[in-house]
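Student: Residues per chain are reported as follows:
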Amino acid sequence: MSLRSINNSNETQLITLCKQGDRYACKQLFETYSGKMMALCFRFARDRNEAEDIMQEGFVRVFTKLHLYSGTGSFESWMKRVIVNTAIKYRQKHIVKHNYIELDNLKFMDNSEDIIDQLSKEEILKLIQTLPDGYRTVFNLYVMEGYSHKDIGKALGIEEGTSRSQLAKARNLLKKKLLKLYKLAG
Amino acid sequence: MKRIDQIIKNKLKHSEMPVSDALWSRIESEIPLTKERPKVWLLFLVFAFLTPVLYFSLTGVSNPSHAEASNQQASIDLTNDLSQKPFNNNGINEDAKDYNRVQNELNSTRNLRVNETSFENFTKENNKNTNRAFNNLSSNNRTRAFTTNRAYKRFPSNASIKSTSQNENKNKLQLIEKRRFINPVRNMVKLRSLTSVTNYIKSKKEIHETKNKFLADLKADVNEYAPGCPQVFNLLPNGIYVYADIAGSKSNPSFSGSASFNDIIEQKNTAESSSLSYSASFGIGHNWDSGLVSEIGLNFNQLNTSFSYNEIRILASSMITIDTIYNDTGGYNITRDTTHKTENIPYNRTNVIKMVDLPIKLGYRIPINKNLALTAKGGLNLNLFSTNSGLTFGNEGDIITYGTDSNEEVQLYKTNLGISYTGEIDIDYKIWDRFSLYGGLRVHHYPSNFSLNSNAIQLKFTSIGANMGLKYRL
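Line by line, the protein sequences give chains A and B.
Reminder that position 22 of the first sequence reads as 22 in the numbering used here, one-by-one numbering, no gaps.
Reminder that position 391 of the second sequence reads as 1391 in the numbering used here, one-by-one numbering, no gaps.
Hints are not guaranteed to be accurate.
Unchecked claim - From chain A, some residues computed to sit far from chain B (all C-beta separations above 12 Å):
#1 Gln-56
#2 Gly-71
#3 Gly-73
#4 Trp-78
#5 Glu-160
Unchecked claim - Some chain A residues close to chain B (C-beta under 10 Å, calculated; not the full set):
#6 Cys-26
#7 Ser-34
#8 Leu-40
#9 Arg-46
#10 Asp-117
#11 Met-144
#12 Arg-171
Derived from the structure by calculation, the hints contain no laboratory data.
None of these values were measured; they are calculated from a predicted model.
By construction, the Cβ of each residue, glycine as well, lies at the ideal position given by its N, Cα and C atoms.
Chain B with its partners taken away, still in its complex shape (with noise of 0.2 Å):
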């Protein structure tokens, strides 16, 4: 740098010049507006205070085991008191709904009866070992084990540390041990009482949880308290699903009907036989926990049959004999010969029964590993309605269209309700997750219509064939 611009510098460097007084308005204006930000730690403060205030309420979750450890305290001083509600600490809303029912339900466990003897055998075969191990620990250590769940269920046989009665301890422990054959039950109101909670419960999978991890409690302690404890089941249905499968089979119709129909009763006997027929169903079942299942749904049922009959065609053939010899009269004789020739012409055709059935069938499930289950269902098929359609012999020998083919929409069976018996065994097997594929056999049994028209035809039929589906579990 030169001298002179060291000069220059050197003077202006810290050279100042006054501002305008509307300079800075000016500017003001320009500065686009700012919200004042929120404080970014209190948000956090608020949304640390509301999440668990906000996950004990909804959920409700809590185990049994640790309910009890937390509400015996260091000194065990119980009371006769059953009606304690298992729902406190880390219980339902109580702002549910059926709060109501479920106290209800709650209250009711109050008045179980524990069977006496299995109780009585429960409690000798506890006491046997554990006493010997909790008389040998010191006072201190009697306390401290007591103050824990674990320690509690090890050493039933001395119930209140306070107490010195041995009656009195005797009957406190008994109370205890009753109370836990109770707590199988009060987690299995628990279960039921989970329809409140799930008002309150945003996602799927979170009741899938949450039923789960109560239905993990109730199995635990049905493990832990057995074989005296009473039997508890699966109130809530975790095993709901939905079906859709197709199936083909092979019928053997048979007809009957009053005396009017003799005729064409025995033509189609004869003259119509079983043709492939086609199904298609759809539905909700249940695996329930017992293995039993039940399914309801709709079924559309297409039976079709072959028609054959041969139809006689009649050719004649004339030959005209010209005479070319002039007769009396002065003209040709002319002759003419006609023969005539039949002809029998086949025909097949398909006629078609097509019934809406409305399912309803119960059965039981095997399960063979993780993937595999056999299930054998059957059940009552309501038929809802029908349609047929095809071609059948008149009473004159002459060949009649029936049903929907039917200009004159001649009927010629009147379906409108029937009942027909269905069964079949399925091997189920899951391929992802909920779903699952199922395969097999199917029986379909229609015994007869209920004709409210007896100027109709009866229909019988039993029908085998083979089914394929999907299953999806919800």
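If we strip away everything but chain A, and leave its shape as in the complex, we get (with noise of 0.2 Å):
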């Protein structure tokens, strides 16, 4: 359950009461973004289980921490980074060695966007879920967060230019998933 009408000001009470340590006030702003939260460890992990482990992370992560929050920026914004980060580090932590076979690059048609533009959510969160786990640790940081080549490259303690072609390896598998899904559905 979410609570979607808190305005700033209840947020600002809620996170001073959390600093003090009131449990209920951390249950409170849990539950205001435990939603979206959960949605971006599920695009960072490869089921369900591992999703709650990074959310688990995280948000107690975000609650020994809260004390490094200044007030400046949006809440969302700063506990979100924590857990991206805490994402990252699952990741590096909990790496698996997948045997794929590297994909030429091949042309696709053009309706791929066409094609995931009728996906619900879901689908598509399932879809980047099987990618690989660096390319999809790639894709969401760049799509997703927003996070540059050279940031991605400061986080994953990769090269740049790995980055860049992680990301157009996630994109076109992406895409080849697409339409294996439009032929077997059509």
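Hints are included, so try docking the two chains, each in its own frame, into the full complex.
Tutor: Here's what the structure looks like:
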């Protein structure tokens, strides 16, 4: 459940109370943002269980580092950054070697965007989850979180060029999967 | 960003997903427990309230002139009651252990009698100039003038604005003046009672500062109310110091005793001569405000005398002569010719007498400038015990050892108890803060010792030497 109607002054009060150790205030904050953060974690995770692990770790970090939130900028953005960093660290800790085959950069039909448009959010999320870990992380950071390749390189400890190539490969793979879905559906 | 990216982003930007119910419990269990921090502002308020309360209850320092001013409200309505406690308002903590003693001392100030003649002279002198000035003020300004302590002191001739009777004014004026005379003594009592306050003052620095404050107030009172003011002395010791010094001296020992020791005494008097002696002292002293100095301590003295004698060594040589002619019996004659030679071999030995004394000295200190002072002291040395060792001539002219050097522990002197006299003149030089260096001349005269055993030699000596030491003012 999420409380959609919390305004800024209420949120500030909740944050203050949470900093003082008020558990109820912390729970309120969690319930406000859990849905969005869960969707974020799901994008980085391979499955729901992993998404919940990232979410758990992320929120624990949010509440223990809450004193570092100075009040400037939106709380949601700050929380998102913490959870994204948690997801990246989680990914780095749980590296699973994929024996994937490099796909050729095939030419696709131009209607991949139309296909995506027809898909629901959950289907798109699941599609993203099928990507290999590295591609999925780079894709999420670049497309969803707006990181630059330079920032991605810093966060993941990879070269900027590697980030670019992984993004391109992530896109290609997504398109292939979309086409496959389309063909299967069709 | 490519179009596919944009589409995906738009689709997923505001997406939410449900979370399981157990997730919050798992998160909550990992959040560390934080105690509710005490409201800092509340602590600050408590501290701000307690600080002045503690300060005034512990120090109890008050400026007597301000205390006077605060007691004199807008209308001056004096009573003939000298029992007003000087310790109200900023007074001493009434829980002081010797509160009763303080009270008794305070009560005794009620009975102080001022020299009437000097008091009258004082008031006449004061009244000459102040009355004229006061009378020139308007009535409003007179009131205002009276409400301040300064005005009160400057215009003593009109004790009360309310009163119109001249006699009543005069009586009240006399009362005020008498109280002003009493004031220094009240400060003196405050100084005495400082010992009770010091039970509640934690640091030596604070005691020192509080004492100095009291003294400054007292001295200000004395300066202001002189010449008719009764003499007050600083009854609290603020010139206590500890000292340690070493000295070197030369002495002229002389020996005396019962007739049975005459030979030994004569030999010692001729054979023993003065040698460099040493002493080391430490103790505690006090510089009084009046200039008096008193000291008590311990003194370790080593009196050395040089004992010289010649040892006669007899050397013998023999010459054997063997005749080469046969004697009557058919043998050779053997003659032996022995000659003797004597030799004087000088010996020197330091005879030692070690004494432990308790010096009690009184003196006078004359400050020369801020850092220099001249001190002259004299007093008694109570000889606590002593040991001696050395050589001397026996009755038959032989050399005997005595004292601690002797296997038989022959005691030559019996000096368990004795009194000697000491005097010294020192120059004190303050080298740093509480430290001062001193040096000077010291004279020590040991007239005799109380001999419990008549079978002993008496020693007299006078030593003159130089000493040097260090003082630390507490």
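Student: Look at each hint and say if it fits the structure.
Tutor: Hint-by-hint comparison with the structure:
no. : hint    : verdict
1   : Gln-56  : violated (5 Å)
2   : Gly-71  : holds (18 Å)
3   : Gly-73  : holds (18 Å)
4   : Trp-78  : holds (17 Å)
5   : Glu-160 : holds (16 Å)
6   : Cys-26  : holds (7 Å)
7   : Ser-34  : holds (5 Å)
8   : Leu-40  : holds (9 Å)
9   : Arg-46  : violated (15 Å)
10  : Asp-117 : holds (6 Å)
11  : Met-144 : holds (6 Å)
12  : Arg-171 : holds (6 Å)
Hint compliance for this structure: hints 1, 9 are not met, and every other hint is.
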